[in-house]
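The listed protein sequences derive, respectively, from chains A and B.
Start counting the first sequence at 3; every next residue gets the next number (my numbering).
Start counting the second sequence at 3; every next residue gets the next number (my numbering).
Hint data in this document are derived by calculation from the structure and do not stem from the laboratory.
One thing to keep in mind: the hints can contain errors.
If several chains are the same, the list does not tell them apart, and a pair holds so long as it fits within one copy or across any two.
Keeping only pairs whose Cα atoms sit at most 35 Å apart, straight-line, the calculated DSBU-like set for lysine-lysine is [said to hold, decoys possible]:
(1) Lys-243 - Lys-7
(2) Lys-275 - Lys-164
(3) Lys-305 - Lys-114
(4) Lys-420 - Lys-196
(5) Lys-271 - Lys-352
(6) Lys-243 - Lys-174
(7) Lys-22 - Lys-353
(8) Lys-51 - Lys-306
(9) Lys-305 - Lys-167
(10) Lys-196 - Lys-275
(11) Lys-271 - Lys-420
(12) Lys-114 - Lys-229
(13) Lys-305 - Lys-160
Note that the structure is a prediction, hence the values are computed from the model and not measured.
Number of protein chains: 2
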Amino acid sequence: MNVHKVITQQAREAKSAALKLALVSAKDKGAALKKMAAALLSQSLAIIKANALDISAGMRSGLSVAMLDRLMLDTDRVRAMADGILDIVKLRDPVGEVLESRQRPNGLRIDKVRVPIGVVGIIYESRPNVTSDCAALCLKAGNAVILRGGKEAVNSNKAIYKVLKGALVGTKIPAEALQFIDLVDRQAVVELLKLDSFVDVIIPRGGESLIRFVAENSLIPVVKHYKGVCHIYVGAKADVKMAEEICFNAKVQRPGVCNAMEKMLVDRKVARKFLPAMAARFRGAAVELRGDEEACRLVGDMKKALPEDWAEEYLDLILTVKIVDGVSQAVDHINRYGSRHSDAIITNDKKAAETFLKEVDASCVYVNASTRFTDGYEFGLGAEVGISTDKLHVRGPMGLEGLTSYKYQIYGNGQVRK
Amino acid sequence: MNVHKVITQQAREAKSAALKLALVSAKDKGAALKKMAAALLSQSLAIIKANALDISAGMRSGLSVAMLDRLMLDTDRVRAMADGILDIVKLRDPVGEVLESRQRPNGLRIDKVRVPIGVVGIIYESRPNVTSDCAALCLKAGNAVILRGGKEAVNSNKAIYKVLKGALVGTKIPAEALQFIDLVDRQAVVELLKLDSFVDVIIPRGGESLIRFVAENSLIPVVKHYKGVCHIYVGAKADVKMAEEICFNAKVQRPGVCNAMEKMLVDRKVARKFLPAMAARFRGAAVELRGDEEACRLVGDMKKALPEDWAEEYLDLILTVKIVDGVSQAVDHINRYGSRHSDAIITNDKKAAETFLKEVDASCVYVNASTRFTDGYEFGLGAEVGISTDKLHVRGPMGLEGLTSYKYQIYGNGQVRK
């Protein structure tokens with residue numbers, strides 16, 4: 003089998019389907035998505051059976067318990083996937099919205115109209131529910147989608163894909179708008195990344211090395227974030243009780259995600275009052291603390307941070323702590339070591355808050371709230387296909403609107419250029 | 003001299019300056035831009051002298067008369083550059099605009115605020131005025147800019163850059179926000195394209211081979227268009243007189259630009275009435291016509307088009323003509339061979355017009371107007387830094403707003419994630 007040929011054929015089918023799908027009404031797309039959700043429920047047994055293959059392969063290959071749990075599907079999880087699709091059905095269809103309309107002195111009317119992007123490629127290594135979530139979101143926004151999941155979940159993903167694609171038959175969404183690459187060889191990804199005449203955007207989701215591989219090999223624009231090195235700065239005028247609750251939540255509630263706090267900056271003015279108590283609470287939750295010299299002096303058993311600690315994403319119960327002098331020093335540190343994902347200040351000083359909001363160069367900057375809110379659902383975008391720390395097209399959570407582009411439609415009555 | 007070191011240092015300076023420039027007020031940016039314009043006028047002699055070096059080098063190396071004309075600067079052209087900057091000063095500053103504000107049920111207020119992109123790299127081979135136009139546009143939008151012009155214009159570009167940078171001294175725009183790469187070796191471009199931790203976007207302007215080189219070598223997101231293969235479809239119900247004026251304008255008024263018509267599709271229903279007269283008029287303007295079999299039958303001395311003609315951008319007085327049956331066939335042809343730049347339909351049939359507008363997959367789709375209007379000034383965007391045929395971030399002319407990103411600023415009062 004020629005990998006190049008197979009992938010090119012899939013991309014070509016997707017492109018051709020995308021041109022048709024772009025014209026399908028919101029109502030017809032909704033009906034098709036409902037059929038997809040119903041099919042997941044009625045065929046959940048087949049999906050769970052396929053998943054069992056991945057689980058036993060995972061056990062043989064020594065996946066961690068946490069990884070196996072992420073991989074595992076049961077009827078509740080399949081139902082959650084179906085419910086996720088029904089939630090997406092309810093979202094407002096962004097396609098066709100007139101974003102701007104301008105009348106030029108020469109009589110031309112120039113409308114800027116929201117349209118689907120076209121063909122979206124999603125390369126992921128996450129849980130199998132990503133297959134149905136991303137398929138539904140892309141199709142709802144009028145895009146064809148080419149999915150390429152991780153090899154640990156290939157049986158589950160393939161089963162979900164088959165169910166969803168089968169459900170599209172007989173609907174107004176062309177079944178070819180949904181494509182799944184089942185070649186586990188990485189060469190398949192490399193081939194896909196070269197097909198810029200068929201695919202309009204690539205969204206990689208997974209670890210930093212996957213994303214770097216995609217960014218380095220893609221001729222197609224990529225929407226991505228490498229990692230989330232999120233900071234919380236406890237300011238000089240912080241409500242220390244609030245700071246403690248927020249920092250604890252941002253570190254401990256779910257340490258393995260990209261919007262969890264990885265670094266805590268503490269203003270020298272509150273350090274004595276805040277840090278020892280906070281450290282005790284972290285210790286109670288088994289958080290390993292690493293600190294700069296001053297932080298170590300304030301907290302007895304803190305490990306000394308190494309230079310590489312400041313830019314590292316642990317995705318674990320580890321936190322690095324630094325004492326800073328004022329908001330400017332905090333901002334400089336974050337702009338130097340951060341990942342432009344999500345950073346917060348805890349303060350009752352309005353001026354410091356405004357400085358922080360303006361000067362921190364990140365997708366999402368918070369005052370007095372946990373960085374854990376950086377998420378499509380929490381932002382009210384309905385769902386997200388990923389998070390971007392790039393500055394182009396979309397920044398922060400990428401929801402339905404992030405899956406659209408626009409075109410100019412220009413109405414004349416014979417205008418020519420002088 | 004170590005190319006990597008030099009370019010990295012420039013990019014690092016630009017990044018650091020960008021963080022400061024993002025906070026400069028519209029008024030202060032305007033004052034700095036006015037100083038730039040005044041400096042161009044007061045030092046125009048130095049610029050023209052430097053330009054003479056490029057002109058004589060160009061003559062020695064055998065540049066065409068057209069190329070030499072594009073390269074040449076005189077006092078009028080330098081004044082036009084200064085006027086261009088003053089026009090940019092008058093544009094509304096997009097930075098700081100609140101694009102959306104949402105209050106979440108948990109009390110979080112999420113503002114989506116327009117911010118500069120950061121550091122913009124522009125790689126161009128066009129006329130020296132691009133140096134001042136792009137510098138002014140990027141700085142106005144609050145971005146640092148790294149310019150890399152073509153080697154034919156290196157003396158002119160360097161002189162313009164020196165004048166502009168000198169003018170920034172003593173203003174609120176840090177002079178380091180303006181960088182110019184004067185190494186003519188292409189290795190300098192390769193180095194720049196790897197610096198994704200300092201540079202946020204690359205905009206290449208020039209021929210297809212330059213743009214492909216940039217797209218293939220860049221780790222940084224690229225906003226681009228490869229070429230403009232613009233179509234005009236003369237529909238079955240076209241006003242043939244209007245069609246003739248528009249097609250003539252789109253082909254002849256300035257054939258060397260990306261929004262000029264390269265292909266003309268003529269509906270069979272109107273071909274007899276329209277094509278022979280149109281062909282005669284094109285012949286009068288020395289336009290070489292190539293056609294499919296049917297077009298050749300209708301027009302005596304038309305050359306037969308080769309398969310490669312349909313996707314080629316001539317940038318010259320050459321036009322390929324095809325007879326089509328109805329709007330669907332026209333749309334299919336354009337979506338297959340077009341470049342997603344600008345395409346037009348000439349028709350009095352509203353339904354055909356709507357079909358064409360919706361179904362043609364291009365940045366700018368026209369009804370009854372010349373494709374030559376695809377341009378930042380003509381669209382009322384004030385000026386453009388380039389044109390995009392990609393679907394991400396910006397599509398069509400890229401003006402000031404296209405040079406901005408956004409960030410989320412989130413206001414809480416102690417919210418944590420449940």
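Cross-check of the supplied hints:
1. Taking the closest pair of Cα atoms, Lys-243 and Lys-7 never come within 35 Å of each other, the shortest separation being 60 Å inside a single copy and 47 Å across copies.
2. Taking the shortest Cα distances, Lys-275 and Lys-164 never come within 35 Å of each other, neither inside one copy (58 Å) nor across copies (53 Å).
3. Proximity of Lys-305 and Lys-114 under a CA criterion of 35 Å is satisfied in neither setting, with 56 Å inside one chain copy and 39 Å between copies.
4. Taking the closest pair of Cα atoms, Lys-420 and Lys-196 never come within 35 Å of each other, the shortest separation being 40 Å inside a single copy and 42 Å across copies.
5. For the identical chains of this complex, Lys-271 and Lys-352 are intra-copy neighbours only, at 17 Å inside a copy versus 70 Å across copies, given an alpha-carbon limit of 35 Å.
6. In the homo-oligomer, the alpha carbons of Lys-243 and Lys-174 never lie at most 35 Å apart, since the shortest distance is 55 Å inside one protomer and 40 Å across protomers.
7. Proximity of Lys-22 to Lys-353 under the C-alpha cut-off of 35 Å is restricted to the inter-copy arrangement: shortest distance 18 Å between copies versus 52 Å within a copy.
8. Within a single copy, Lys-51 and Lys-306 get their C-alpha atoms no closer than 49 Å, and across copies no closer than 60 Å, so neither meets the 35 Å cut-off.
9. In this homomeric assembly, Lys-305 and Lys-167 never come within 35 Å of each other (Cα to Cα): the closest approach is 53 Å inside a single copy and 48 Å across copies.
10. Within a single copy, Lys-196 and Lys-275 get their C-alpha atoms no closer than 56 Å, and across copies no closer than 45 Å, so neither meets the 35 Å cut-off.
11. In the homo-oligomer, the alpha carbons of Lys-271 and Lys-420 lie at most 35 Å apart only across protomers (30 Å), although the nearest pairing inside one protomer, at 66 Å, exceeds that limit.
12. Within a single copy, Lys-114 and Lys-229 get their C-alpha atoms as close as 34 Å, and across copies as close as 22 Å, so both meet the 35 Å cut-off.
13. With identical chains, the CA atoms of Lys-305 and Lys-160 are never at most 35 Å apart, being 46 Å at best within one copy and 52 Å at best between copies.
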